[in-house]
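**Q** From first to last, the protein sequence lines are chains A and B.
Mapping to my numbering: the first sequence position 391 is 391, numbers consecutive.
Mapping to my numbering: the second sequence position 390 is 390, numbers consecutive.
No lab work stands behind these hints, which were simulated from the structure alone.
Don't be surprised by glycine CBs; every beta carbon is placed ideally from N, CA and C.
Hints are not guaranteed to be accurate.
[Claimed, not checked] Taking CB as the label site, the calculated pair distances span: (1) A/Glu84 with B/Gly104: 15 to 25 Å; (2) A/Arg283 with B/Lys100: 45 to 55 Å; (3) B/Asp180 with A/Thr333: 19 to 29 Å; (4) B/Met155 with A/Gln326: 43 to 53 Å; (5) B/Lys39 with A/Thr333: 32 to 42 Å; (6) A/Thr333 with B/Ile187: 19 to 29 Å; (7) A/Glu80 with B/Gly104: 51 to 61 Å; (8) A/Glu6 with B/Gly104: 50 to 60 Å.
There are 2 protein chains.
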Amino acid sequence: MSKLLEQGKKAKEVSRTIAQLSSNEKNKGLTSAADNLIKRMDEIVKANKTDLENAKAQGISGALLDRLTLDEERIEAMVEGIREIVKLDDPVGEVSSMKKRPNGLVVGEKRVALGVVGIIYEARPNVTADAFALCLKTGNTTILRGGKEAIKTNMKIIEIIGEGLENAGIPKEAVQLVEDTSRETSIEMMKMNDYLDVLIPRGGKGLITSVITNSTVPVIETGEGNCHIYIDKTADIAKAIDIVVNAKVQRPGVCNAVETLLVHEDIANDILPELVKKLQSLRVTIKGDDKVKAITPKIESADESDWSREYLDYILAIKIVEDIDQAIKHIATYGTGHSEAIVTESYSNGQKFLDHVDSAAVYVNASTRFTDGSEFGFGAEIGISTQKLHARGPMGLRDLTTSKYIIYGDGQIRK
Amino acid sequence: MSKLLEQGKKAKEVSRTIAQLSSNEKNKGLTSAADNLIKRMDEIVKANKTDLENAKAQGISGALLDRLTLDEERIEAMVEGIREIVKLDDPVGEVSSMKKRPNGLVVGEKRVALGVVGIIYEARPNVTADAFALCLKTGNTTILRGGKEAIKTNMKIIEIIGEGLENAGIPKEAVQLVEDTSRETSIEMMKMNDYLDVLIPRGGKGLITSVITNSTVPVIETGEGNCHIYIDKTADIAKAIDIVVNAKVQRPGVCNAVETLLVHEDIANDILPELVKKLQSLRVTIKGDDKVKAITPKIESADESDWSREYLDYILAIKIVEDIDQAIKHIATYGTGHSEAIVTESYSNGQKFLDHVDSAAVYVNASTRFTDGSEFGFGAEIGISTQKLHARGPMGLRDLTTSKYIIYGDGQIRK
């Protein structure tokens, strides 16, 4: 039996205990782990330095190196994240409906832990603590497989969390790290149906595609955001400019930033010159179709491939459309089902957009940047689902649970 | 582009229309399809005769041939099933929560169709009409891939349903049949992520395993039931006997029938002689461990493999356990997470069993045979999920839908 299968078997065993912990016990474990991370912070920084040196030796630099870095300030923020999760309501144990059937059976639907959750992610060591905390809070046992660049840091974090858990009387195997970061072991994990109930990839498109292609374990897809804003004929121009600028510039590197702007042809002349000028002054490269270029010539040309791009950068594609139907069709053709917004003063067009756009989050007169667990009031977020099963949109604690039917009888048999 | 991919593309296009149909329009379509199935019943019977002849020529007989058969009575029952679905509430469009955030954004969660649902099933032609009706009722577009033995019957049913839909003004591509029943095309369907939102296998273990192994499209697993009943020390003996006999004998070939009985050692002598005698009188073969044989010698020996078997037949494995903990552990080791029951008069043990047994349906003092959409009050059922994502246990209409967030703003941007 491979090391990974042993970890899986152990996780499955321990999961029966973890799923039954009370909210108080789980919070005590989380607090103890948080305290221990602060207490042994120096060791994390030291392990992280080793990872950083190895990464530099391999020529890694820039944003990747930054993501890998865990200094004291970041560790404190990471621990603060755990303490925030302690404060949230525990969804486990809630019975959402309880009905008496004609034969006297009482059928209830109770929220319970998923069991063993696998998480595959990249070289962001703060995900290690965050994913652990979200999963333990919901009664789940976790197997983490982080990026190889962060392996020393992750091993240290898990060691410290494990000690913290044991201090609180919780088995340290509530969270285990896959130390062999080879591709083969990663694939083995994706097929570990006997021991994993769910697999959640957190990372870029390549990672997510690999998990979807290879996994036989049920996956929650957290995905790409090729997000759109459509400026309707009746839009309030000032609102439209504010919303587009915010959705593009406030944080361009995230999945809920806007990538393509669709503008109704009747309002294009009134809005585009000012909007393009403003975006360009904020370092945004504009790519437009011929109709856009006719209005604002100092931009680049967009081609067919631009409509499918998730730039994650200071780049915006703009297209002029004839009407709302063409906008909805464009989104259906090129969108990834993440977040889309309409800017309009028309009641009918707002409703139509909400009804007909098939995305996880559909907005009227607001920035797409709000697609986020905290902004929606969930307190914490394990990711944003762009698939349709189980969870769609920002996933909070509830989405890390499942339900089971509990049935109270008095000797009933089926006729 | 293959025929299947063309069907997929068409389904995706049409799905935008189907998802927007009102309940009245969908019910009109279902009723029109039902009426047309009755009107053209002779053609179905004729097509079915061809399938039956081909099947017989290939040496198919017995239960398989029976499942393939569609006579007038069965067609009427199938159509009655569609009319029952017409009467159910449509889950689509319900907004389950609508909250105002501190910044004034109003965030609602709305129930919507999944989109395009693929269903892969075996040689039961009545599934064709049933799956279509459940999917259309929930605003979904459907691609059906039935067993090759039923192909002529299925083609005829889909042709007749399509005509019925068109008579009601609904595009006939709301439901399409994969006519090429080769394994290659089936695998192609399992990887059709661009056009399918969900894939649901309905059938035996082999089919389900194949779909889980090969599919990159999200799957809802409808699965095996190795169901258990545990007779606690404090059980009411009369209730226990009724429940076990019902769960084994009332319909042994279905997934919620009991397969293994666990008996507390302190009550075994009091219950087993009578229970075993009664079961044997009803043609049930009993397989027991050594302790059971010591009490009721006239039974077969159970070995390790029996604890994992889903007999789907007049066979029951019996094991004597020391206490409820051993029973719970046995179920965790060998169960498939479908349905388990405890028979007990102890409050604590009833609660403990409900809490600690990790199955889709957990019963106190009732037969496992109640795990069923109709029995739980859902009106209709697309299958029984034994996985933990999206849906667990009997799946009603609601489980054929997803949600999306709809957000009403007034120009909000993110700070």
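**Q** Do A/Arg283 and B/Lys100 keep their Cβ atoms within the hinted range of 45 to 55 Å?
**A** Because 35 Å falls outside the window, the suggested range is violated.
**Q** Can you let me know if the beta-carbon spacing of B/Lys39 and A/Thr333 is within 32 to 42 Å?
**A** Distance hint for B/Lys39, A/Thr333 holds at roughly 39 Å.
**Q** Using the C-beta atoms of B/Asp180 and A/Thr333, is the stated range 19 to 29 Å upheld?
**A** Because 27 Å falls inside the window, the suggested range holds.
**Q** Could you say whether the range 51 to 61 Å given as a hint is met by the Cβ separation of A/Glu80 and B/Gly104?
**A** violated (27 Å)
**Q** Has the hinted range 19 to 29 Å been met by the Cβ atoms of A/Thr333 and B/Ile187?
**A** holds (27 Å)
**Q** Quick check on a hinted range of 50 to 60 Å for A/Glu6 and B/Gly104, using CB atoms only.
**A** holds (53 Å)
**Q** Does the beta carbon distance between B/Met155 and A/Gln326 stay inside 43 to 53 Å, or does it fall outside?
**A** Distance hint for B/Met155, A/Gln326 is violated at roughly 37 Å.
**Q** Taking the CB of A/Glu84 and the CB of B/Gly104, does the distance hold inside 15 to 25 Å?
**A** holds (24 Å)
Violated hints, in rising order: 2, 4 and 7; the structure is consistent with all others.
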